[in-house]
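> Sequence:
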Amino acid sequence: MLQMRPSNEHVGDGFNAKEKVKQQKTKKEDEQPKQLQMITQSYRTQADERARQKSWSFLRQQEHQEKSVKLDFYSTEESGEVIDRLFEDSDKKTSFDIKPVQYLDTLVPYKMDQNTPTIQSVEQVSMDALHNKSNIEQVQVALFGAKILTFNRIKELCTSIKSDEELIPIVESLAVLIDGVWVIKSELNGSVDAKVEKTEAQDSKLIYVRDYMLYLFWKNKQVNRIQFSRDAHITPDQAKQLLDEIAIVAKVPNAYEGEWVLKHPMDNSFVKRKPEVVKRQQEEWKVREVIAEKHFVNKFEAKHDQAQNFIAAAQGVRSGSTHSEIEMDLIKFINKLLSKFGVISMELIKQQFEVQDEDAQRVKFASSALLDKVVKSLTVKFIGDTFVNKKADTPQDDVFRGVIIDLFQQMSERNETPTKDQISQHVREHVKDQTMTNAIFLRIVQKLAKPHPRDGTWTPRDGKP
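Residue numbering for the sequence shown is 1 to 465, as defined by the working numbering.
These are computed hints drawn from the structure, not numbers from a lab. Treat each hint with caution, since some may be false.
[Claimed, not checked] Here are the in silico distance ranges between beta carbons for each label pair: (1) R280 / S75: 17 to 27 Å; (2) H452 / Y74: 22 to 32 Å; (3) D244 / A51: 42 to 52 Å; (4) D421 / E283: 42 to 52 Å; (5) Q410 / R454: 22 to 32 Å; (6) R85 / T159: 23 to 33 Å; (7) V380 / R85: 25 to 35 Å; (8) G384 / D244: 44 to 54 Å; (9) E283 / T159: 45 to 55 Å; (10) E416 / L71: 28 to 38 Å; (11) G384 / H430: 21 to 31 Å.
Cβ atoms here follow ideal geometry from the backbone N, Cα and C, with glycine treated the same way.
Kindly generate the complete structure, drawing on both the sequences and the hints.
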């Protein structure tokens, strides 16, 4: 329960009962009593003013002495989803999945070893102090204190920033986007000053392990603590420390396992309002995904040099190795072609190498083996010798896109092309719980096929120049 602090002007309201009674009486006194009353009132007003000043000073002193309290803020759109997770809708009798003693054990804070990497706590800053900071410092303090925030909440805290266009570049420099929610970057986590350099060994390990955790949330929406700790070669306690910052337990089958989800549900309002930001962040995540799958998935190697390569790739910084540099440039080049053409082929890629473009000039001498490796990591087979992106532009589109690609492949084997009605019907049969709008249909299908002007069918793109 929160109690708002009164201002100095109203600190005495509600305590002057006599004044309220006097205001209700009719004014039928003669002139002399009125003058006496005015003199007395003037005296009482001065006394009341001094009392108000003392009370105000005391409240300000108490405010500075009190410790700040962390609260989670949910907007009107988000609060319903949060409340729904707290209640069971069915009438069936519910019970613990684990014994009560085991459940209580999960509530006890974990004891950390001395060798466990720790994340520095951020000093709580009052709103007055926050408003006196520069724009980037306001965003830094907000993200460093909460670790994960919605865009609307960042705007509420950073009151001196008036427009989204001014705020978004600052947020993108400090955080990554996962399901429409902003999470502080691993290389900045734990330090209010982004310019503070970290130590080489322990802190860099914490950085790339946390980056891997963020990658898992982006790809799978949830993370199993035990599996994550095994893949990352860290203890379950260390995994819990990292997860606690940005996630909560969704299911607890026993005291040591459980699926973790982000503290904030997907921010659909931001995803719909800022599709260009979402697309830009998706491109960055595709680069991170290649590096994560190469180094961490199923064969996680905790070596310092690999850590540095991953961090550099995640930040868009070139590695010192010529091979790694060409590979990173090639990843960006292929992603650029996929975004432009939708469907690509090896013939198209090699033709684009000859374009007088800076990106093409950097990767045109890449080996065939490296090119095949990068294309395989970024794409899936479409029709014939063509390829399409592994992921759609948004998580929502991914649900329908895989079904639509399957239909194109099936009809291609019969030398047929589908109509819009056939595609919509196929989606309804295979995706029961969601509805594909016309905007989603066009966003997906236009990248995969071209409309025929006469018969209304959609012909798959051939991936040729």
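> Has the hinted range 44 to 54 Å been met by the Cβ atoms of G384 and D244?
The hinted range 44 to 54 Å holds for G384 and D244, with Cβ atoms some 49 Å apart.
> Does the Cβ pair D244, A51 satisfy 42 to 52 Å?
46 Å, holds
> V380 and R85, beta-carbon distance inside 25 to 35 Å?
34 Å, holds
> Using the C-beta atoms of E416 and L71, is the stated range 28 to 38 Å upheld?
Since E416 and L71 have Cβ atoms about 58 Å apart, the given range 28 to 38 Å is violated.
> State, for the Cβ atoms of G384 and H430, whether the hinted interval 21 to 31 Å holds or is violated.
Taking Cβ atoms as reference, G384 and H430 lie about 23 Å apart, which means the hint holds.
> Taking 22 to 32 Å as the stated bounds, is the beta-carbon spacing between Q410 and R454 within them?
23 Å, holds
> CB of E283 to CB of T159, is that within 45 to 55 Å?
Given range 45 to 55 Å: violated, Cβ gap about 31 Å.
> Could you check the hint for me, namely that R85 and T159 are 23 to 33 Å apart, CB to CB?
31 Å, holds
> Taking the CB of R280 and the CB of S75, does the distance hold inside 17 to 27 Å?
24 Å, holds
> Looking only at beta-carbon atoms, does the pair D421, E283 fall within the given range of 42 to 52 Å?
33 Å, violated
> Could one say that the CB atoms of H452 and Y74 fall in the range 22 to 32 Å?
48 Å, violated
Going through the hint list in order, the structure does not satisfy hints 2, 4, 9 and 10.
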